[in-house]
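J.: Sequence:
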Amino acid sequence: MIPSNRQATHPGVILLKEFLEPMGQTQRALADHLGIPIQRINQIVRGKRGVTPETAWLLSEALNTSPEFWLNLQANHDLSATRPSQHIQPLEKVAV
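Its first residue numbered 1, the sequence shown is counted upward by one per residue in UniProt numbering.
Hints in this document: simulated from the structure, not taken from any laboratory.
Don't take each hint at face value.
What the hints assert, rightly or not - Heads up, simulated SDA-like pairs for lysine to any residue below, C-alpha to C-alpha not over 20 Å straight-line:
| no. | residue 1 | residue 2 |
| --- | --- | --- |
| 1 | K17 | A31 |
| 2 | K48 | N64 |
| 3 | K17 | R83 |
| 4 | K93 | S80 |
| 5 | K17 | G50 |
| 6 | K48 | R28 |
The task is simple: from the sequences and hints, build the whole structure.
T.: Structure follows, in structure tokens:
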């Protein structure tokens with residue numbers, strides 16, 4: 001569910017606080033394990049980059065989660081970050 005009163009947590013925060021820190025792992029160790037540049041992990045953790053489907057697959061296999069977990073976190077964050085300030089009335093059905 002997308003929070004209505006705040007922006008959803010970026011997946012990078014979840015990666016850092018719920019996975020890397022409790023496991024005692026560094027961003028570099030994860031990047032090396034995944035075979036990707038450290039910058040990609042660092043930018044995700046800092047909220048400067050989103051989780052792509054490719055990265056979601058890599059994270060899911062390394063952290064025993066699903067790719068959908070990471071993509072859902074990203075989608076919720078993106079949707080909450082772009083919530084419109086003006087709402088549109090529902091389109092009504094035209095009687096034929």
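J.: For which of the previously enumerated hints does the structure constitute a violation, in increasing order of number?
T.: 2, 3, 4
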